[in-house]
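Take a look at the letters that make up each chain.
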Amino acid sequence: MSKDNKDVLTGHQVVANAMRQVDPDVVAAYPITPQSEIVEYFSQYVADGKVDSEVITVESEHSAMSACVGSAAAGARTMTATASQGLALMMEIVYIAASMRTPIVMTVANRALSGPINIHCDHSDSMAARDSGVIQLYGEDAQEAYEFTLMAQRLAESEDVLLPVMVTLDGFTLTHTAQVAELLPDEAVSEFVGEYDARYPLLDVENPTTQGPFDMPDYYFEHKLQQVEAMENVPARFLQVQEEFNDLSGSNYDGLFETYKLDDADYAVVVLGSTAGTAKVVVDELREKGKKVGLLKPWLFRPFPGEGIKDALVDKEAVGILDRSLSFGSSGPLYLEISSALAEEDRKPRLYNYTYGLGGRDIKEDQIADVFEDLANPDLEDKMRYIGARQ
Amino acid sequence: MASLETLAKREEKKRKFESGHSLCAGCGLPIAVRTILNSIDGPVVASNATGCLEVATTRFPTSAWNINWIHNAFENAAATISGVESAYRSMKSKGKIDEDIDFIAFAGDGGTYDIGLQSLSGALERGHDFTYVTLDNGAYMNTGIQRSSATPKGASTTTAPAGEEKYGKQEKRKNLTEIVAAHEIPYVGQASISHLQDLADKSEKAINKDGPAFLNVLSTCQLGWRIPPKDAVKVARKGVDTCFWPLYEVDEGEYNITYEPKEKLPVEEWLEPQKRFAALFKTGNEEVIDEIQEDVDKDWEKLQAKVS
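For the record, the sequence lines run as chains A and B.
Position 17, counted from 1, in the first sequence is what my numbering calls 17; the numbers after and before it change by one each time, with no gaps.
Position 104, counted from 1, in the second sequence is what my numbering calls 495; the numbers after and before it change by one each time, with no gaps.
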């Protein structure tokens, strides 16, 4: 089947359209830049009768996620969207949503965390949720954000997963920028996502259940291990969902991360989200000059596909890992994952950590080219480097 | 008013809230919850804020609830039930559900007056069809009797204790029932575990309204109030008969006092049996009791004025 709606759309519009096509029973959300327009577009679709959802215009993000947990536990297909401080405020309930196995799909329009307050992109918001138990997918462009939102629905609701899925896209860079995107026909999406049939819905009054009970030390540990098991089921399920999605859309998803000219590369950068697009341009330019360089871009960050990424990077000379968030007093989150994945290898690439783009600071092609130049230096000192920051 | 016979008959039906929980003897919570749930005929889904009621009734793998029940966190019983209720309306309009279902939220005073006030206010304003019940025992009892904004002036708690220089909490409690009434929702009721027929009537009215309804129920805590468990109902009754806790309702905007004490008792009769107020009866604190009496008198007059 082919995509029928090739158009120029903002990230907001494609995500709102994905939500419209998924046709959730309930959306609960609170305004925050740079997410707001997603829910504004969606609310307009509801007002125009283009989708039959209940929109709960809650009084905070804490209540947004609280209402989402109630709605999903009731058996309704449930979605939300947020960013930055909003995600930070709802964090208590993000953990609970995961532990209650509610398959909520949420968009995060990545934005820096306060303070100082800043509305522009970095990944500090979604990285703060990396241990919450939600699945995390990072999109490079509007098209990926659209497709991941659709796939997320299937992944979240898989019987052996039943976890919330967070789909992220870079605030402003992707949310507010018009890009060429191709939407699938509504009916095709309907067929792909199917009906959600909750296992123990609160609205099944014939079979009452007690949800969210109190655990003492005799059960808490095992309940957390059930979440571990659900997370372990994600990679295989995601690959299966990708296959079905490829059949439907003609897309070419084939893994938990994307590689770009990586196979024969000596030097690689690893980066999440929209900066991968800039990095691909740099890779192309350097390839034209005969440099053996490549790129790895994780789609899935939680669970982290460490095993596959290890195999993809182990034979490189050097790898630059570009983090768009800080873990004060430690290395960047992406760097830690990759260095952990390679830790047991006898022969491994030199790894270097770069922090870039905090609070929306631009990263340009020549800066990524400089990273590749760094990597070619075998005597490069191993320390955190801050791209484009005045020091 | 529901007769005692009616209340007794409701107990014979399949109970929505069962025995076997681990709430204390003399706790007002199970009395209130059973009376309220018994007043609901059809199926009901409950949300429950973190607190004694949640902890003592759902220790995994046991449950005292024969209805669908959800606990999410401390401050969000209202937001959580608003999600359940929205799911219900959405799925019913799409034909995915046939039954008529009622929705109720239970929370303590800490979970409502303090940390859950925003969540409650939001859900009331949005107009969800649910009943929110505050079980007010006047402090954070589950975490060890800390002061809340529902704690009455003069009560000693672990975070506003009586000591050499202070008699306990210095401030008057927040009037939550009036704060909720200011939302102009269809029904607001103030009730007590000492007056079950009144509580049953208010529960029935609340649950049968289209839109949000609210009940504020005075509930005893033998540990926090420092009373013998056997005296729980008696002490709660003193709260009502002194007009510290008047029984009234705001039904579609109209104020009704649902119980007039034959003789309005002096506030000492409410304070004295509770050892949390013991410091007030020490020499030098007479003025504080006078102030509390003045507050009660003023509030009672204000309430009466609203009725007429």
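Derived by calculation from the structure, the hints in this document are not laboratory data.
Honestly, I wouldn't trust all of these hints.
Among chain B residues calculated to face chain A with C-beta under 10 angstroms, some are [claimed, not checked]: (1) 488; (2) 509; (3) 513; (4) 643; (5) 644; (6) 647; (7) 648.
What you are looking at is a predicted structure, and each value in this text was computed from that prediction instead of being measured.
Glycine included, each C-beta is placed from N, C-alpha and C at the ideal position.
Comparing the hints with the structure gives:
1. 488: Since chain A brings a Cβ to about 6 angstroms from residue 488(B), closer than 10 angstroms, the hint holds.
2. 509: holds (6 angstroms)
3. 513: Holds, because the Cβ-Cβ distance from residue 513(B) to chain A comes to roughly 3 angstroms (cut-off 10 angstroms).
4. 643: At 24 angstroms from the nearest chain A Cβ, residue 643(B) fails the 10 angstroms test, so the hint is violated.
5. 644: Given a least distance of 23 angstroms, the restraint on residue 644(B) is violated.
6. 647: With Cβ-Cβ at 30 angstroms, over 10 angstroms, it is violated.
7. 648: Residue 648(B) check fails; min Cβ-Cβ to chain A is 32 angstroms, beyond 10 angstroms.
Of the numbered hints listed earlier, those contradicted by the structure are 4, 5, 6, 7.
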